[in-house]
Amino acid sequence: SEYVSGSSDLFSATKLLDSWSEKQPISDLNTTYNENYPFLLLDGVTLYFASDGEDSMGGYDIFITRQNTSDNSYLKPENIGMPFNSPFNDYMLVLDELRNVGWFASDRFQPEGKVAIYRFIPNREKKIVRAEDTDSLINRAKITEFSLAKIDFNSKTELTKPTAPTVKQIFVNDNISYSSANEFKSNIARNTYFQLQKLTEEKESIETELTNQRKKYYESTASEKQNLSREIRLLESRLRVLPLQIKNLTKQMRNEEIKVNP
478 SEYVSGSSDL FSATKLLDSW SEKQPISDLN TTYNENYPFL LLDGVTLYFA SDGEDSMGGY
538 DIFITRQNTS DNSYLKPENI GMPFNSPFND YMLVLDELRN VGWFASDRFQ PEGKVAIYRF
598 IPNREKKIVR AEDTDSLINR AKITEFSLAK IDFNSKTELT KPTAPTVKQI FVNDNISYSS
658 ANEFKSNIAR NTYFQLQKLT EEKESIETEL TNQRKKYYES TASEKQNLSR EIRLLESRLR
718 VLPLQIKNLT KQMRNEEIKV NP
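Numbering (this note's numbering), first residue to last: 478 to 739.
No lab work stands behind these hints, which were simulated from the structure alone. Idealized CB from N, CA, C, for every residue including glycine. All the pointers check out, no bait thrown in.
Quick list of in silico lysine-lysine cross-link-like pairs, DSS-like style, CA-CA up to 25 angstroms: (1) K645 with K728; (2) K662 with K645; (3) K675 with K736; (4) K680 with K728; (5) K662 with K724; (6) K728 with K662; (7) K645 with K675; (8) K736 with K662; (9) K591 with K680; (10) K675 with K728; (11) K500 with K553; (12) K645 with K724; (13) K645 with K680; (14) K680 with K702; (15) K591 with K702; (16) K591 with K692.
Here are the in silico distance ranges between beta carbons for each label pair: (17) R543 with E696: 33 to 41 angstroms; (18) I723 with L519: 38 to 46 angstroms; (19) F597 with S504: 26 to 34 angstroms; (20) L552 with E678: 49 to 57 angstroms; (21) L552 with V592: 22 to 30 angstroms; (22) D651 with E678: 22 to 30 angstroms; (23) L676 with L519: 40 to 48 angstroms; (24) K693 with P720: 21 to 29 angstroms; (25) P588 with T546: 42 to 50 angstroms; (26) T491 with R717: 43 to 51 angstroms.
Working from the sequences, and respecting the hints, build out all of it.
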(Lines of atoms letter the chains of each structure in order from A and count residues from 1; the text may use other names and numbers.)
(Lines give C-alpha, C1' and ligand atoms only; values in the text may rest on other atoms or scores of the structure.)
Protein backbone atom coordinates (compact mmCIF):
# COMPACT_ATOMS: atom_id res chain seq x y z
CA SER A 1 0.00 0.00 0.00
CA GLU A 2 1.00 3.61 -0.49
CA TYR A 3 -0.37 7.00 0.52
CA VAL A 4 -1.90 8.91 -2.39
CA SER A 5 -3.70 12.26 -2.04
CA GLY A 6 -4.03 11.96 1.73
CA SER A 7 -5.27 8.36 1.94
CA SER A 8 -3.73 4.90 1.66
CA ASP A 9 -4.32 2.88 -1.53
CA LEU A 10 -3.54 -0.69 -2.58
CA PHE A 11 -1.19 -1.47 -5.47
CA SER A 12 -0.19 -4.65 -7.27
CA ALA A 13 2.98 -5.72 -9.10
CA THR A 14 3.99 -8.89 -10.95
CA LYS A 15 7.17 -10.82 -10.17
CA LEU A 16 9.26 -11.19 -13.32
CA LEU A 17 12.36 -13.35 -13.77
CA ASP A 18 14.76 -11.02 -12.02
CA SER A 19 12.68 -7.95 -11.19
CA TRP A 20 9.17 -6.63 -10.54
CA SER A 21 6.81 -4.93 -12.95
CA GLU A 22 5.72 -1.34 -12.37
CA LYS A 23 3.18 -1.12 -9.56
CA GLN A 24 -0.42 -0.43 -10.57
CA PRO A 25 -3.22 0.88 -8.33
CA ILE A 26 -6.02 -1.62 -7.67
CA SER A 27 -8.88 0.63 -8.74
CA ASP A 28 -11.56 -1.99 -7.93
CA LEU A 29 -10.61 -1.82 -4.23
CA ASN A 30 -9.31 1.71 -3.64
CA THR A 31 -11.75 4.32 -2.33
CA THR A 32 -11.54 7.81 -0.87
CA TYR A 33 -10.96 6.08 2.49
CA ASN A 34 -7.85 4.14 3.57
CA GLU A 35 -7.09 0.67 2.20
CA ASN A 36 -4.04 -0.86 3.79
CA TYR A 37 -2.24 -3.96 5.20
CA PRO A 38 -2.81 -6.46 2.34
CA PHE A 39 -2.13 -10.20 2.62
CA LEU A 40 -2.38 -12.59 -0.36
CA LEU A 41 -3.09 -16.31 0.11
CA LEU A 42 -1.03 -18.98 -1.63
CA ASP A 43 -3.70 -19.35 -4.34
CA GLY A 44 -2.63 -15.93 -5.65
CA VAL A 45 -6.22 -14.65 -5.93
CA THR A 46 -7.61 -14.41 -2.38
CA LEU A 47 -6.70 -11.10 -0.79
CA TYR A 48 -7.23 -9.84 2.76
CA PHE A 49 -6.82 -6.15 3.53
CA ALA A 50 -7.95 -3.50 6.01
CA SER A 51 -10.15 -0.50 5.28
CA ASP A 52 -11.81 2.24 7.31
CA GLY A 53 -14.50 2.82 4.67
CA GLU A 54 -18.29 2.89 4.87
CA ASP A 55 -18.66 -0.87 5.43
CA SER A 56 -16.39 -0.79 8.48
CA MET A 57 -17.84 -1.35 11.96
CA GLY A 58 -15.58 1.43 13.22
CA GLY A 59 -11.98 2.34 12.44
CA TYR A 60 -10.17 -0.21 10.31
CA ASP A 61 -11.89 -3.55 9.58
CA ILE A 62 -10.53 -6.59 7.75
CA PHE A 63 -12.05 -7.44 4.35
CA ILE A 64 -11.69 -10.32 1.91
CA THR A 65 -11.87 -10.27 -1.89
CA ARG A 66 -10.85 -12.47 -4.82
CA GLN A 67 -9.35 -11.66 -8.18
CA ASN A 68 -11.05 -12.68 -11.41
CA THR A 69 -8.04 -13.99 -13.35
CA SER A 70 -9.82 -13.69 -16.70
CA ASP A 71 -9.82 -9.88 -16.61
CA ASN A 72 -7.80 -9.16 -13.42
CA SER A 73 -10.78 -7.47 -11.78
CA TYR A 74 -11.69 -7.97 -8.10
CA LEU A 75 -14.96 -9.06 -6.53
CA LYS A 76 -16.70 -6.67 -4.17
CA PRO A 77 -14.86 -6.89 -0.81
CA GLU A 78 -16.73 -8.50 2.10
CA ASN A 79 -16.31 -7.59 5.76
CA ILE A 80 -15.15 -10.81 7.47
CA GLY A 81 -17.16 -9.92 10.58
CA MET A 82 -16.67 -10.58 14.29
CA PRO A 83 -14.67 -11.56 16.28
CA PHE A 84 -11.91 -10.51 13.86
CA ASN A 85 -13.53 -7.09 13.42
CA SER A 86 -14.82 -4.77 16.11
CA PRO A 87 -15.73 -1.09 16.64
CA PHE A 88 -11.98 -0.53 17.18
CA ASN A 89 -9.13 -0.70 14.65
CA ASP A 90 -8.51 -4.21 13.31
CA TYR A 91 -5.48 -3.90 11.10
CA MET A 92 -4.28 -7.07 9.48
CA LEU A 93 -4.97 -10.78 9.07
CA VAL A 94 -2.27 -13.30 8.12
CA LEU A 95 -2.76 -17.03 7.49
CA ASP A 96 -0.13 -19.77 7.42
CA GLU A 97 -2.01 -22.31 5.33
CA LEU A 98 0.70 -24.96 5.64
CA ARG A 99 0.62 -24.99 9.44
CA ASN A 100 -3.09 -24.09 9.74
CA VAL A 101 -2.59 -21.11 12.02
CA GLY A 102 -3.44 -17.43 11.67
CA TRP A 103 -2.85 -14.05 13.30
CA PHE A 104 -4.63 -10.72 13.30
CA ALA A 105 -3.79 -7.37 14.90
CA SER A 106 -6.20 -5.11 16.77
CA ASP A 107 -6.04 -2.16 19.15
CA ARG A 108 -9.32 -3.09 20.90
CA PHE A 109 -9.09 -2.21 24.61
CA GLN A 110 -5.38 -1.44 24.27
CA PRO A 111 -3.54 1.66 25.53
CA GLU A 112 -3.17 4.39 22.93
CA GLY A 113 -0.47 3.52 20.42
CA LYS A 114 -0.49 -0.19 21.30
CA VAL A 115 -1.90 -3.21 19.47
CA ALA A 116 -2.47 -6.84 20.43
CA ILE A 117 -1.67 -9.71 18.08
CA TYR A 118 -4.13 -12.61 18.35
CA ARG A 119 -3.28 -16.13 17.23
CA PHE A 120 -6.07 -18.48 16.13
CA ILE A 121 -6.70 -21.83 14.47
CA PRO A 122 -8.82 -21.35 11.30
CA ASN A 123 -12.07 -23.30 11.09
CA ARG A 124 -12.44 -25.76 8.24
CA GLU A 125 -16.00 -24.56 7.72
CA LYS A 126 -17.61 -21.16 8.12
CA LYS A 127 -20.85 -21.12 10.13
CA ILE A 128 -23.27 -18.20 9.92
CA VAL A 129 -24.85 -17.37 13.31
CA ARG A 130 -28.30 -15.82 13.18
CA ALA A 131 -30.29 -14.83 16.24
CA GLU A 132 -32.94 -12.32 17.19
CA ASP A 133 -31.26 -11.79 20.56
CA THR A 134 -28.61 -9.10 20.09
CA ASP A 135 -26.89 -9.97 23.38
CA SER A 136 -26.47 -13.54 22.18
CA LEU A 137 -24.73 -12.38 19.02
CA ILE A 138 -22.49 -10.02 20.97
CA ASN A 139 -21.42 -12.76 23.38
CA ARG A 140 -20.57 -15.09 20.50
CA ALA A 141 -18.48 -12.39 18.86
CA LYS A 142 -16.42 -11.47 21.91
CA ILE A 143 -12.83 -12.43 22.54
CA THR A 144 -12.94 -12.71 26.32
CA GLU A 145 -9.81 -14.78 26.96
CA PHE A 146 -6.32 -14.44 25.61
CA SER A 147 -2.81 -15.17 26.84
CA LEU A 148 0.75 -14.63 25.75
CA ALA A 149 2.06 -17.49 23.64
CA LYS A 150 5.42 -18.55 22.27
CA ILE A 151 5.55 -21.25 19.61
CA ASP A 152 8.51 -22.88 17.91
CA PHE A 153 7.11 -23.92 14.53
CA ASN A 154 10.36 -25.66 13.61
CA SER A 155 10.10 -28.12 16.48
CA LYS A 156 8.58 -31.55 15.94
CA THR A 157 5.29 -32.45 17.58
CA GLU A 158 5.42 -35.73 19.44
CA LEU A 159 2.81 -37.77 21.22
CA THR A 160 3.37 -37.73 24.96
CA LYS A 161 2.55 -40.45 27.43
CA PRO A 162 1.02 -39.73 30.82
CA THR A 163 3.68 -39.58 33.51
CA ALA A 164 3.61 -39.45 37.26
CA PRO A 165 3.77 -35.96 38.78
CA THR A 166 7.33 -34.83 39.52
CA VAL A 167 8.68 -32.69 42.33
CA LYS A 168 9.55 -29.18 41.18
CA GLN A 169 13.32 -28.84 41.13
CA ILE A 170 15.23 -25.79 42.38
CA PHE A 171 18.15 -25.29 40.00
CA VAL A 172 21.29 -23.57 41.29
CA ASN A 173 23.62 -24.42 38.41
CA ASP A 174 24.28 -27.28 35.98
CA ASN A 175 25.56 -29.49 38.79
CA ILE A 176 23.42 -28.47 41.77
CA SER A 177 19.65 -28.78 42.11
CA TYR A 178 17.36 -29.25 45.12
CA SER A 179 13.90 -30.70 45.62
CA SER A 180 13.28 -28.78 48.85
CA ALA A 181 14.23 -25.40 50.30
CA ASN A 182 15.62 -27.27 53.32
CA GLU A 183 18.55 -28.40 51.17
CA PHE A 184 19.94 -24.87 50.83
CA LYS A 185 23.27 -24.45 52.61
CA SER A 186 23.10 -20.66 52.51
CA ASN A 187 20.48 -18.98 54.69
CA ILE A 188 20.60 -15.92 52.43
CA ALA A 189 19.92 -18.08 49.37
CA ARG A 190 17.05 -19.86 51.18
CA ASN A 191 15.41 -16.57 52.20
CA THR A 192 15.87 -15.22 48.68
CA TYR A 193 14.16 -18.36 47.36
CA PHE A 194 11.14 -17.68 49.61
CA GLN A 195 10.97 -14.10 48.28
CA LEU A 196 11.17 -15.51 44.77
CA GLN A 197 8.26 -17.84 45.48
CA LYS A 198 6.13 -14.94 46.72
CA LEU A 199 6.83 -12.91 43.57
CA THR A 200 6.05 -15.91 41.35
CA GLU A 201 2.74 -16.46 43.16
CA GLU A 202 1.95 -12.74 42.86
CA LYS A 203 2.61 -12.87 39.11
CA GLU A 204 0.30 -15.87 38.67
CA SER A 205 -2.39 -14.18 40.79
CA ILE A 206 -2.21 -10.96 38.75
CA GLU A 207 -2.45 -12.91 35.48
CA THR A 208 -5.61 -14.63 36.76
CA GLU A 209 -7.06 -11.34 38.01
CA LEU A 210 -6.34 -9.65 34.66
CA THR A 211 -8.21 -12.37 32.80
CA ASN A 212 -11.22 -11.95 35.10
CA GLN A 213 -11.17 -8.14 34.88
CA ARG A 214 -11.01 -8.22 31.10
CA LYS A 215 -14.04 -10.51 31.03
CA LYS A 216 -15.94 -8.12 33.30
CA TYR A 217 -14.94 -5.18 31.10
CA TYR A 218 -16.82 -6.58 28.10
CA GLU A 219 -20.02 -6.93 30.13
CA SER A 220 -19.88 -3.59 31.97
CA THR A 221 -21.56 -0.23 31.47
CA ALA A 222 -19.62 2.80 30.29
CA SER A 223 -19.14 4.16 33.82
CA GLU A 224 -18.08 0.75 35.15
CA LYS A 225 -15.59 0.42 32.30
CA GLN A 226 -13.81 3.59 33.43
CA ASN A 227 -13.11 2.09 36.86
CA LEU A 228 -12.20 -1.30 35.42
CA SER A 229 -9.90 0.32 32.89
CA ARG A 230 -7.92 1.97 35.70
CA GLU A 231 -7.70 -1.31 37.61
CA ILE A 232 -6.56 -3.18 34.50
CA ARG A 233 -3.86 -0.60 33.78
CA LEU A 234 -2.55 -0.87 37.36
CA LEU A 235 -2.42 -4.66 37.12
CA GLU A 236 -0.70 -4.51 33.73
CA SER A 237 1.82 -2.00 35.10
CA ARG A 238 2.70 -4.30 38.00
CA LEU A 239 2.88 -7.32 35.70
CA ARG A 240 5.41 -5.59 33.46
CA VAL A 241 7.99 -5.20 36.26
CA LEU A 242 7.59 -8.59 37.94
CA PRO A 243 9.51 -10.70 35.37
CA LEU A 244 12.67 -8.60 35.82
CA GLN A 245 12.37 -8.76 39.61
CA ILE A 246 11.96 -12.53 39.42
CA LYS A 247 14.96 -12.82 37.11
CA ASN A 248 17.16 -10.72 39.42
CA LEU A 249 16.14 -12.65 42.55
CA THR A 250 16.79 -15.95 40.79
CA LYS A 251 20.30 -14.80 39.90
CA GLN A 252 20.90 -13.55 43.45
CA MET A 253 19.69 -16.83 44.98
CA ARG A 254 21.98 -18.90 42.77
CA ASN A 255 25.02 -16.72 43.38
CA GLU A 256 24.58 -16.87 47.16
CA GLU A 257 24.23 -20.65 47.15
CA ILE A 258 27.22 -21.14 44.85
CA LYS A 259 29.38 -19.21 47.34
CA VAL A 260 28.94 -21.89 50.03
CA ASN A 261 29.31 -24.88 47.71
CA PRO A 262 32.89 -26.05 47.21
